[in-house]
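Following the hints, complete the assembly by docking chains B, C and D onto the known chain A.
4 protein chains.
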Amino acid sequence: MIAQFSIIPLGVGVSVSQYVAKVIKVVDESGLPYRLHAMGTIIEGEWDEVIGLIKKCRDILMNEVERVVIDIKIDDRKGAKGRIEAKIKSVEEKLGKPLKT
Amino acid sequence: MIAQFSIIPLGVGVSVSQYVAKVIKVVDESGLPYRLHAMGTIIEGEWDEVIGLIKKCRDILMNEVERVVIDIKIDDRKGAKGRIEAKIKSVEEKLGKPLKT
Amino acid sequence: MIAQFSIIPLGVGVSVSQYVAKVIKVVDESGLPYRLHAMGTIIEGEWDEVIGLIKKCRDILMNEVERVVIDIKIDDRKGAKGRIEAKIKSVEEKLGKPLKT
Amino acid sequence: MIAQFSIIPLGVGVSVSQYVAKVIKVVDESGLPYRLHAMGTIIEGEWDEVIGLIKKCRDILMNEVERVVIDIKIDDRKGAKGRIEAKIKSVEEKLGKPLKT
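Chains as they are written, first to last, in full-length UniProt numbering: chain A, 1 to 101; chain B, 1 to 101; chain C, 1 to 101; chain D, 1 to 101.
Each hint can be trusted.
Identical copies carry no separate label here, and so any pair may be met within one copy or between two of them.
Result set (DSS-like, lysine-lysine): computed pairs, CA atoms no more than 27 angstroms apart in a straight line:
(1) K25 <-> K87
(2) K56 <-> K81
(3) K100 <-> K81
(4) K25 <-> K94
(5) K89 <-> K78
(6) K25 <-> K56
(7) K56 <-> K78
(8) K22 <-> K56
(9) K25 <-> K78
(10) K81 <-> K25
(11) K94 <-> K81
(12) K25 <-> K100
No lab work stands behind these hints: they were computed from the structure.
Excised from the complex, chain A in its bound form (with noise of 0.2 angstroms):
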């Protein structure tokens, strides 16, 4: 399962990048695959283990902030594995090109 999240704290000022640094610390921490880009970071495993990152990060927030909204994509596909690289090499293949990754 792939997992694509965004969290953003209001209150906290126009910037929140200090906020996103604190929760990439913790996703880079964690052991699992994952892509940071610039709407939000991608991160593949079981439901528990991408949801439970997901809380962590959320808390760690929650510590410092009135309020968060976080969005989650979540792409789940039976017996598919290694997605955050494979999805973009298929679509590469396609057309027969390296694309902007």
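Here is chains B, C and D on its own, set in the frame of chain A:
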């Protein structure tokens, strides 16, 4: 904490409402406050109640289909309850009129 | 085409309902079919009508704030109209009971 | 303005990568800065450039399929450019290490 979620099964044709009906049956029988609308379902509760219910819905569909895409949007605010209705009322009060809800 | 959207202004504090009210006022006066709920607003129309309305809402908020995060979820199905109500009815019919909507 | 979008065609089977490839071809040839990842594509530009490109992708798929679900997440911040890379760099600088991007 309130959360909106939708689960789209892939590989089952253009219409997915029979699967949506199975999900909503679980939500309706869960006892959690909820509201169904045309683009998803909003539920309210503690993290484990809300996410546990979404997992139950996912598991039911994954018994029948190969792949699902799940979108979850969480609005988590300290000390706030009954927000499925309160968030709407707060906007209606500010505009001084009932809205289409 | 039906679309759900939400606009969150950043840097304006924990409560954003005064900004949501300004957005909903524009939607309510637009003449497009809509339905407000606790996590966003669903509107129905052609692509240019729907996206044009969302842009108008974004422009109004960007006159007052530095940054907004906009989420748009579109369900576009050939030949289908009146789906804000029809999608709910189809689920209620399958479950044979009225639901919390 | 940066926007992440994904377009999922319904009624075309479990795998949708052939349709994703058609969309990414349009994005790759558009000249707009973009980055493809496993859960969507991020593009940067003015509102009309970004939304116009997403509409073009939608129109191409709707020539072939009955129904699409489109998710768009926009982060619109006054006076900010080159954010597809800058948002990531700002987190890497705060953590003092390169991340998986």
